[in-house]
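Chains as they are written, first to last, in numbering that gives the first Met the number 0: chain A, 0 to 259; chain B, 0 to 289.
For the record, the hints were derived by calculation from the structure and aren't laboratory data.
No experiment lies behind these values; they were computed from the predicted model shown.
Wrong hints could be hidden among the right ones.
Heads up, incomplete: computed chain B residues facing chain A, CB under 7 angstroms, no partners named [as the list claims (entries may be wrong)]:
#1 V28
#2 L48
#3 A77
#4 G93
#5 E100
#6 F104
#7 R107
#8 N108
#9 G110
#10 E188
#11 N189
Note that beta-carbon positions come from the ideal geometry of N, C-alpha and C, so glycine has one too.
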Amino acid sequence: MVPDFVLRPPTGSYHALNPSTKLVLAFAEAAVAFGVRGWTGPLVVIAIVVATAMTARVGRSLVPFALAVIPLVASILLVNTFLFPGATDVIARIGPLAPTWTGLEAALQATLRVAAFALSVAVFALTTPTDDLLADMERRGLGRRGVFVIGAAIGMIPRMVERASEITDSQRARGLDTEGSRWRRIRGVVPLAAPMIIGALSEVEERTMALEARAFSAPGRRTILRPLPDSTGQRTARWAAGVGAIVLVAASIAGILPVP
Amino acid sequence: MRDARYAYAGTSRQVLAGVDLDVDAGRVVAVVGPNEAGKSTLCLVAAGLAPIAIGGRLEGSVLLAGDETAGLAAYQAAQRCGILFQNPATQLSGTTSTVWEEIAFGPRNLGLDIGAIVERVEGAMATLDIAGLADRDPQRLSGGQAQLVALASVLALRPSLLVLDEPTSQLDPAGTRLVGDALSRFAAENGTAVLLVEHKTGLVARIAGEVAVLVGGRIVERGPTAEILADPALAEHGVDPPPAVRIERAVADAGRSGDLVGLDLAALEMEPITGSPLPTGAPLPTGTPA
């Protein structure tokens, strides 16, 4: 019997949804947030995402994701508010700068869209283990090579960060100055990048052979360890979410969506 | 392997220049030799990865469980021969979140049913005594543990030949002991043929029944472990004898020159060379030198 730490039974009703259902919902939310003009699209998406996060009990975990978009949001606010092309409704003159109401409105809408997108992706990421998503994609016909490439790329990120840190430390130990002015830091990238790239390339052949030695190229479908239940209701929900998002965006672009 | 000659793709130089080597079921044959002797290439050829996976030109005959490797697909070779490389980090798939799933990676590739996968994973872990690591993240293991997981992953394919290319070269003494003990136990308990390429002749002395010396792509000496490792010619081939043999010789030299006066030999606490659990030829001198 496959042990529980491999099966990882879901901890709630939203977590228990099929990964594809959660993926389609996240895409639909993102599409509506960006594609529906005005305030309604992003506000409705944020409301849905927050309600989903509460239901899935990942509300607190959204905070770091929200914080992560602050630099982007700040730049959107500044650029739009102060440099919105063609806007004349000046809020106040601050020396050579002239923030406008039009720019501020556009900036706030863009901020809401970015926040809605980031939070919908966050809820998906917090409720769906990568393994489950890949297993489901594999079950739906994505080839094992495709699944491996995606899984390895995701898994590689923390390893590359670790390796970069090790290389930086060893280069510093040999006297490389990687702190200080921007120019110094840029110069420090070269001795960091070269060992990382060369090291990664030199491992490729051994990694490839190790995979071959584990029957990676065997024909047929791989066995999927975890059951990923699906249902008619979920299939219907996926189609409804996907088609609904497309219709809303199309209607909004065509100007026939009666929402502010 | 009969008169096996191999050149990597794009080169004409034969890294293996006519190797004859057999590894019978249940035997551990070690290959030692200096750098650039062709040891890693021998491993790739023996496992069928060269030329199946990496190309190159192979002449002569290489049989895996009776089948010519040249006629096998990589996944077919993988079921006949498992290979373990030096670096444990490159042998883990990097796509699994537990050791259990990592070991199941190969059987899953074969499309085995869940019951068979469970049996193979549990069996491989039990063989190497690593059941305690089952729920650990494979990327968060020590070098020795990671190498054991890589070995278990290979064993889960149930190969009849196991090729080990310096499996302890990147491990510290504790990791080397961990892997060495597991290999020793595995070799004693299973009927799998094992081809071990290893610089650490102390480890070779512990687990191999027979040793071949590879120099310049040719096997220049072959015989029972104890006999080959005690042969003074070993050092001439660029291979360090096991620590016990070196100490034995140092003590003998010191004794001849009178430097042994006052030396407490028992305090050396040398680990005796016990040879292989399998029958070998002439026994190597064992125990504390006297």
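Now for the hints, and whether the structure bears them out:
1. The interface hint given for V28(B) is broken, as the beta carbon of that residue sits about 19 angstroms from the closest beta carbon of chain A, more than 7 angstroms.
2. A least Cβ separation of about 5 angstroms between L48(B) and chain A falls short of the 7 angstroms threshold, and the interface hint therefore holds.
3. This hint holds: A77(B) has a C-beta 4 angstroms from the nearest C-beta of chain A, less than the 7 angstroms allowed.
4. Checking G93(B) against chain A by beta carbon gives a least distance of about 5 angstroms; that is within 7 angstroms, so the hint holds.
5. Among the interface hints, the one on E100(B) holds; its C-beta lies about 6 angstroms from the nearest C-beta in chain A, closer than the 7 angstroms criterion.
6. With 7 angstroms as the threshold, the beta carbon of F104(B) comes within range of chain A, its nearest partner Cβ sitting at about 6 angstroms, so the hint holds.
7. Because the closest C-beta pair between R107(B) and chain A is about 4 angstroms apart, less than 7 angstroms, the hint holds.
8. Among the interface hints, the one on N108(B) holds; its C-beta lies about 4 angstroms from the nearest C-beta in chain A, closer than the 7 angstroms criterion.
9. For G110(B), the interface hint holds, since its Cβ comes within 7 angstroms of a Cβ in chain A; the closest pair sits about 5 angstroms apart.
10. Because the smallest distance between the Cβ of E188(B) and any Cβ of chain A comes to about 22 angstroms, over 7 angstroms, the interface hint for this residue is violated.
11. At its closest, the beta carbon of N189(B) sits 18 angstroms from a beta carbon of chain A; the interface hint therefore is violated under the 7 angstroms criterion.
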